[in-house]
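Chemist: With the hints as extra help, turn the sequences into a complete structure.
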Amino acid sequence: MLKNSSTPKIIVIGKEGVGKSQLISSLTGKYVESSNFKGSTVSKKSYNNDNFSFTDTPGIVFDSDSETTRIAISSIHGNDSILLVVSAANIDEDIEYFLPLIKNKKGMIIVTNWDRFDSENNDIIENLEQNLKIPIIALDARKITESQKNRVFEMLENPRIFSNKSVHTGISIKPKSTILEKKHAGVFIGLALLLSPAILSVIGANYFGDIIHPIISDLLKEPIENLSTLPSPLMDVLVGDYGFLSMGPFLFVWATPVVIIYALVLGIYKSTGLLDRTSLAINPLTKIIGVSGRDVTRIVMGFGCNVPAVISSRSCSSCTRGTTISAISFGSACSYQFSASIAVFSASGMPWLVIPFLLFLTATTILYTRLVSRKKDRVKLNMPVIEGQIFFEKPTFGAIWRESKSNISQFFKMALPIFLGITFVASIISWTGIIDYFAVEISFLMKFFNLPEDASLAIIFGSIRKDGLLLLAEPNLVSSLSAIQILTGVYLAGTLLPCIVTFLTVIREMSWIFAIKMVGKQIIAVVAFTIVLAHSDKLLNVFLKI
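Sequential numbering of the sequence shown, starting at -5, is according to the working numbering.
In short, the hints are calculated from the structure, not lab data.
Certain hints may be false.
Below, simulated BS3-like cross-link-like pairs (lysine-lysine); rule was C-alpha separation at most 25 Å, straight line [claimed, not checked]:
#1 Lys369 to Lys511
#2 Lys399 to Lys137
#3 Lys99 to Lys127
#4 Lys399 to Lys3
#5 Lys97 to Lys3
#6 Lys369 to Lys515
#7 Lys99 to Lys3
#8 Lys159 to Lys97
#9 Lys100 to Lys170
#10 Lys137 to Lys159
#11 Lys100 to Lys159
#12 Lys441 to Lys515
#13 Lys137 to Lys97
#14 Lys170 to Lys3
#15 Lys99 to Lys176
#16 Lys143 to Lys388
#17 Lys441 to Lys143
#18 Lys370 to Lys511
#19 Lys159 to Lys99
#20 Lys3 to Lys127
#21 Lys170 to Lys388
#22 Lys515 to Lys370
#23 Lys137 to Lys177
#24 Lys137 to Lys388
#25 Lys3 to Lys176
#26 Lys137 to Lys170
#27 Lys388 to Lys168
#28 Lys176 to Lys388
#29 Lys159 to Lys127
#30 Lys99 to Lys168
#31 Lys137 to Lys168
#32 Lys370 to Lys388
Remember, predicted model here, so these are calculated numbers, not experimental data.
Modeler: Laid out in structure tokens, this is it:
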């Protein structure tokens, strides 16, 4: 449904975990449409019905996230207003937190999780409403009655002006503590829980990919053979190594399952409150390197496909989005790259190399992330504002699908054009012979990485298209490489540059300037790390002699 220009816009703000998305979905009966605020990288989710256009903003996790709310508020014009959503877990503190931000704006307040209080507390809401002179309604966001829905719409038709007043209801309710709130055990359990969706997604993607890939190959075999007689460059664009038919379908064969599985598992996490609890649990550890616990889920998500991982970073803390995207670009080995890496290790007769590869990739990603993060951003991550306020909820199909649908639709709407575009660009580059030319020209550089000159083509191909590092598995080449050289080649080809699909996505989500700077930093870091890895055996001998 298209939004009429005269339709009042309702900016929905609140802390993370208060149930904003569930509330708006229940009010409108609509699913989300995601985009960014004009002129910024701050995400918004729109829900439109006949009377209003609701704009859901990223929930505040850290005090620094209030900047995203300021950007959302600045977009208010004319008859637009604010819907402030707070949780019954901490009414006084949450309302007082937001009032300075929305002073002199008009709107109303909804208190969620009110079902956890006894009905005898209802008079408190009435007293609070009279004190603030703002329309307030308390409800359960998951079970909104028709009368409550009508009352909310009626209040939104007659919003009041917010003023900066003190709030003293004297009531609060805290969620039950779990092992995730334990100082040390919570960190390890939280990490395991946050890694699980990505692990399940990659395993599932490889399982379905192994089944679907040969089927698609058989279906495309005859069309590819028929089109291979076409003149160049038409033949190259359609059925060359990077053609629409020879490359495009397989991007989806490997990427689609991981996106769907990850979105569904993450939907369970988000709709139940588990994601917020686990993110807070590991935050003391992750803030040291400059990202929040929630950001880690996006970084790990990149092991399935970098594109939806970068897109989902829209809801990262405002001060950490750039760092998170840099970490995804650097160390998130997508399913294509990971599968190709394992194939090279297997071809070498040393499949166990996957373990030191992952350890080195993880260690250098952590170090790189720490290096590119800014000190002032790490300081901001020290102030979470939602601790002790997240309730666990029972999972429902509707809530899970609402949380999952957005990520899945973003993948198809935003990744599909990029995937199709990259097949065209890559096929033209391949047809011109530029890749072969550069492979020859840079072959002399391989000696700095303790690699033979023959490895240069694999490094070039792997940098552009991650499964291009499979060229390292060529019998004559792989048989001549030592374990350290194989690790070096796979690491260098896989991390030197983000794949073109990722690069274009970063440009689209952030900017050309950010993307170019990011790539420059990544090249410098990868070269340094690779040289250390390539000569690690010599360094070890020197250390042992000392």
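Chemist: Work down the list of hints and note, for each, if the structure agrees.
Modeler: These are the hints, each one checked on the structure:
no., hint, verdict
1, Lys369 to Lys511, "holds (18 Å)"
2, Lys399 to Lys137, "holds (21 Å)"
3, Lys99 to Lys127, "holds (13 Å)"
4, Lys399 to Lys3, "holds (23 Å)"
5, Lys97 to Lys3, "holds (18 Å)"
6, Lys369 to Lys515, "holds (17 Å)"
7, Lys99 to Lys3, "holds (13 Å)"
8, Lys159 to Lys97, "holds (10 Å)"
9, Lys100 to Lys170, "violated (35 Å)"
10, Lys137 to Lys159, "violated (30 Å)"
11, Lys100 to Lys159, "holds (15 Å)"
12, Lys441 to Lys515, "holds (22 Å)"
13, Lys137 to Lys97, "violated (30 Å)"
14, Lys170 to Lys3, "violated (36 Å)"
15, Lys99 to Lys176, "violated (40 Å)"
16, Lys143 to Lys388, "holds (22 Å)"
17, Lys441 to Lys143, "violated (69 Å)"
18, Lys370 to Lys511, "holds (19 Å)"
19, Lys159 to Lys99, "holds (14 Å)"
20, Lys3 to Lys127, "holds (22 Å)"
21, Lys170 to Lys388, "holds (14 Å)"
22, Lys515 to Lys370, "holds (19 Å)"
23, Lys137 to Lys177, "violated (35 Å)"
24, Lys137 to Lys388, "holds (13 Å)"
25, Lys3 to Lys176, "violated (42 Å)"
26, Lys137 to Lys170, "holds (22 Å)"
27, Lys388 to Lys168, "holds (17 Å)"
28, Lys176 to Lys388, "holds (22 Å)"
29, Lys159 to Lys127, "holds (10 Å)"
30, Lys99 to Lys168, "violated (30 Å)"
31, Lys137 to Lys168, "holds (21 Å)"
32, Lys370 to Lys388, "violated (38 Å)"
When held up to the earlier numbered hints, the structure conflicts with 9, 10, 13, 14, 15, 17, 23, 25, 30, 32 and fits the remainder.
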